[in-house]
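Protein chains: 6
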Amino acid sequence: MPFINIQVTREGVTAEQKAALISGATDLLVKVLNKDPQTTFVIIDEVDTDNWGVAGETITQRRKRS
Amino acid sequence: MPFINIQVTREGVTAEQKAALISGATDLLVKVLNKDPQTTFVIIDEVDTDNWGVAGETITQRRKRS
Amino acid sequence: MPFINIQVTREGVTAEQKAALISGATDLLVKVLNKDPQTTFVIIDEVDTDNWGVAGETITQRRKRS
Amino acid sequence: MPFINIQVTREGVTAEQKAALISGATDLLVKVLNKDPQTTFVIIDEVDTDNWGVAGETITQRRKRS
Amino acid sequence: MPFINIQVTREGVTAEQKAALISGATDLLVKVLNKDPQTTFVIIDEVDTDNWGVAGETITQRRKRS
Amino acid sequence: MPFINIQVTREGVTAEQKAALISGATDLLVKVLNKDPQTTFVIIDEVDTDNWGVAGETITQRRKRS
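Residue numbers (full-length UniProt numbering), protein chains in the order written: chain Z, 1 to 66; chain V, 1 to 66; chain W, 1 to 66; chain Y, 1 to 66; chain E, 1 to 66; chain D, 1 to 66.
Looking at chain Z on its own, in the form it has when it is part of the complex (with noise of 0.2 Å):
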C-alpha cells in the first residue's frame, strides 16, 4: 500500500511526462517490494520556481544567474 510522493518544479511538466513517472514509480514499487500496484498512490506536486530554494536562494534566482 505505498504512497509516492514526487516534488518538482512547475517548468511545464507534461501530462505524458506525469504519467510515465506514475506508471515508474509504481513499476519500482512493484519490482523492489512486490507491492500490489492497486493500492500504490502517486501524487505529484508541481512547485513554482520562486517557492523552491537550494544553497540559499531560490531556483528563479538560480535560473537568472545561469
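Derived by calculation from the structure, the hints in this document are not laboratory data. Heads up, the beta-carbon is just placed ideally off N, CA and C, and yes, glycines get one too. Possibly wrong hints are sitting among the right ones.
Stated by the list, open to error - Here are some chain W residues the structure puts well away from chain Z; computed CB gaps all over 10 Å:
# : residue
1 : Val-13
2 : Ala-19
3 : Val-30
4 : Thr-39
5 : Glu-46
What the hints assert, rightly or not - Okay, the calculated beta carbon distance ranges per label pair:
#  : chain 1 : residue 1 : chain 2 : residue 2 : range
6  : D       : Glu-16    : W       : Arg-10    : 35 to 41 Å
7  : W       : Asp-45    : E       : Lys-64    : 19 to 25 Å
8  : Z       : Glu-11    : E       : Lys-64    : 22 to 28 Å
9  : V       : Arg-10    : Z       : Gln-38    : 21 to 27 Å
10 : V       : Gly-12    : D       : Lys-64    : 48 to 54 Å
11 : D       : Glu-16    : Y       : Thr-39    : 19 to 25 Å
12 : Y       : Asp-36    : W       : Asp-36    : 20 to 26 Å
Using the hints provided, position chains V, W, Y, E and D relative to the given structure of chain Z.
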C-alpha cells in the same frame, strides 16, 4: 496540537465541503485523543487528476475509461 | 482516492485510538465527499515532544512549565 | 542534506519574502547543525484560506469574524 | 531538483531494498524529466502497520483477517 | 498560522539543537511574514541514513565512501 493533512482530487470541492472536512477532522481529534481544538490544524490539498496516480495510471486516464 | 495524514505527539496513543482515528477519518471523507473507502488511505505519524514546537519552544519545554 | 517545507496561507506573499524565508531557513540549518547549504532544500507551499483550518473552522471564516 | 518521498509499511524492508528504491526513483526522474541526479533527494518513511489505514481499518487488522 | 517541517538525517541531533531549530524557524516566520508565534508549528523529522538518498545512493553509502 495535531496537524491533519487531507489530500483529495481537485474536482469541484466546495467551500462548504472544505469547512465540513475541517470541522469533522478537528472533532475527531478532540473525541478520540482529547486534543485541544484551538491548536488543531487542518490543511486540505487539492490535486489535479493528471497529478494523482493509482495502479500505475493517472486519475484522468481512469476517469476516461470508466 | 483521498489520502489523510494525521500528525500527533508520541504520548501513548493506543492501537485502539489509532484504529478509531483511521475509521473516523475514512467515514468523514465518505460522508462529506462521497469518496470510496476502499481507496482512502490514512497514515498516522507520532512525533516526539522534543521534535514538535509551537510558539517557538518544544512541547517538552511547554509540558515542563505547565 | 536537510529538507524544509514551509506552509503558509496564500495571502500575497511576495517573491522577496519567499527569498527571505528560503535564505533564513538555510542559514538556520547551517548555524544550528552545520549543514551544507548546497544540499539544503526549502519548499514553500501557499494554501488558500478556504483550505486551512484551525479550531474547527477555515481561516476564511475566522478572517470574516475578526 | 526533485524531491521524492516514498511511504511504505514497516515490514522488514532491507537496506538493499531501500538502496534499490532510491536508485530507481532517481533514475526515473533523470529519464522522464532529465533532472540532475546530484540534486535529486529521496526519503523513505516506514510506517507501523498500526498507523496505516485503508478502507477504514488498520493494516494490522487487515493482515489478521487475511 | 504557519507550519514548518524540517527533515534531517538521524545523526545525534540533541534536544538543545532541536529547540534552537524550532525557536529559529518560528522567529523567521515572525520576522519575514509577521506571523503570530502562538500559531506557528514546527515538526522535525529525523530520517535514518539508510532511508535518505541523494544522487541515486543512500547517505549510508556516501558516508562510507567519503
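Give me the numbers of the hints this structure contradicts, sorted from smallest to largest.
-> 4, 6, 8, 12
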